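S.K.: Could you build all of it, start to finish, from the sequences and the hints given here?
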Amino acid sequence: MLENLIAAFGLFATWQTVLAMFVGVAVGVVLGAIPGMTATMAVGLTLPFTFLLDPVTGILLLLGVYKGGIFGGSIPAILIKTPGTPAASCTVLDGYPLAQKGQAGRALDMALYSSCTADLISNLSLILFAALLAKLAMAFGPPENFTLIVFSLTIIAGVAGDDLAKGVVAACFGLLLATVGLDLIFGTDRFIFGETELMAGLNFIPVLIGLFALPEIIDYFGRRATAMAKVTAVEGASASFADYKRCFKTILRGSGIGVFMGAIPGIGGAPAAFLSYSEARRVSKNKANFGKGELEGVAASEAGNNGVAGATMIPLLALGIPGDVITAVILGAFMIHGLQPGPVMFQNNLPMIYAIFMGIMLSSIFLFIIGKVGIRAFRRIADIPKSLMFPMVLVLCVFGSYAINNTMFDVLVMFVMGLIGYFMLKFDLPAAPFLIAFILGPILEDTFRQSLLMGGGSYEIFFRSIINWIFWGLTVLSLALIIYQTVFKHRHIPSG
Amino acid sequence: MRQIRMDLILGAILCALTLFLYFVLIPVGVDAPDVIQNPALSPRLWPEIIVIGLGLMSVLMLVKSAVKLRRGLAEEPHELDIVEQAREGGGDVDPSMEWQGRPGLIKTLIGVALLFALYGLLQLLGLVVASVIATVVFAILYGDRRWYLIVPIAILLPLILFAFFEYVASVPIPMGIFR
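Just so you know, the sequences run in chain order G and H. Here my numbering is used: position 438 in the first sequence is 438, and no number is missing along the way. Here my numbering is used: position 124 in the second sequence is 124, and no number is missing along the way.
Worth double-checking, as some hints may not be accurate.
To be verified - Listed below are the simulated DSS-like cross-link pairs for lysine-lysine, each with C-alpha atoms no more than 30 Å apart in a straight line:
(1) Lys64/H with Lys426/G
(2) Lys107/H with Lys426/G
(3) Lys426/G with Lys245/G
Source of the hints: derived by calculation from the structure; they are not laboratory data. Because the structure is a prediction, the values reported are computed rather than measured.
M.R.: Structural data, given as structure tokens:
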């Protein structure tokens, strides 16, 4: 244990790693504060820049961008009623009214304090639970991994939007696109059509960038800003220690909700933020003030969505399953560096895991410093007009896509995916299940075929152990719940 | 109502696409060995399973939308409280972005065409010069006329990225006819 910790410290405590984390958090806060730039886009656009870094540094840079982005989204949410990230839409509810009352500084401070507290709790839960889960996962073979991924996909498809069918359709497209390339067992062509560049399949980075960055750029061609949103000044007193103490229970509750939901693959920050907010409102003595500028409301939503950040790494590190879209990107980063997160990594590469743990704890401190120093500086970022921002993002996308494999083909893939993503946007097909299914698809198919090989072609192998039965049961339960919610919600829609 | 019609169209498109995928694209696009001991290991099986799932969802979507349309169900939400309202509109609450209708559609088509034209330009002129041109053109297409901002951004950003990738990350950046 001690040797592993020392080795981990050696990996982590380099000036490059510390600087990368600081820069990552700062970049994340800045990009997250720009309306139209999601934390996913920020992480996706940063990914190509990690190629020249060693794995620990690269992954901590991305984690810094992720955490900074989640907090950064609250800045425009409070100042101009425009969430920088979807998870910050809940922060608008009380953050903006507070800003209108001249208490923007107080709201921003509370957002920062709750974000950092929740982030710390989330990191601790990652450190405590990931190793435990990884130990349990050592008992997993291909059949168990297959059922686990099926379960993950049902949640992802179900929670990614209002419509289960659309979520599943998007996931099916992701799975199908992941089959492009050479068949792993027979080495035959699948949807290559003579194009040698497709033999290795589609690289997920241009798919990611095309799907998440380009549709907004394309959509904006047909829109016009009717009025520039006025950015509220960051004025008024800061949040006091008494404010923090008053909201502490709410922050703890929100962090717990965030950790729980973050640890379940596929849920993500936004549902956690809304659940935390709803619970805070339900039990609060100032219930009537929620929605009109209640500081507890800001604390609850930010605690919920930041509580997710560290916890989404639990399924990623322990099982190799991404907790949300951003950790799916981080999974891609691991793969690019030739690493496969999961229980085997806990066995063979423990120093790297510990180094990541050390790094994420430090990133919480950086988040506090950068947030405190930068809040008043970053308010101007919300002013950046999309007419200038989107061409800049496009250029970043082009360079980033090219840099992966030094081939223009990836840039073409990005443009084509952008077009597909635009149609998905217009038809309300969610992109998140598409991307996660695209990343998990090959693993799903591999475990499927490996299991059949193990079982001599019999499907009974997928029911061989108690773990299989548990995941099948959870899958059925999750599907039933999603269908029930869909039917129940539709019954409330009045006819006519 | 508009959303229901869009869903109906989407369902119909997906059903047609499913049939095309299953009966045309998979047989043509996926090579399978002539003899496979276990059909469950065929390279075609996995894509076929996915397409069947896609087909089932497409039919579900089609039927759901057709039923809603027939009953004349409006997409009016039931009374939502503030949390549900925010969740429904989450991530897209920008009050200043308005779709421009037909002119917007034309501009979008032009924008998409320009994106693919950009791809050609990237190959001909290289990433740096093509990016400079693209930044200026797209900023204008988006309605911005502040040349004092557009020109410096158009020139500086590609140069900074070029310098980073070429000299720091050792990724040779294509310069097209300028190399």
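S.K.: Now tell me, hint by hint, if it's right for this structure.
M.R.: Here is how each hint holds up against the structure:
no.: 1; hint: Lys64/H with Lys426/G; result: 19 Å, holds
no.: 2; hint: Lys107/H with Lys426/G; result: 16 Å, holds
no.: 3; hint: Lys426/G with Lys245/G; result: 45 Å, violated
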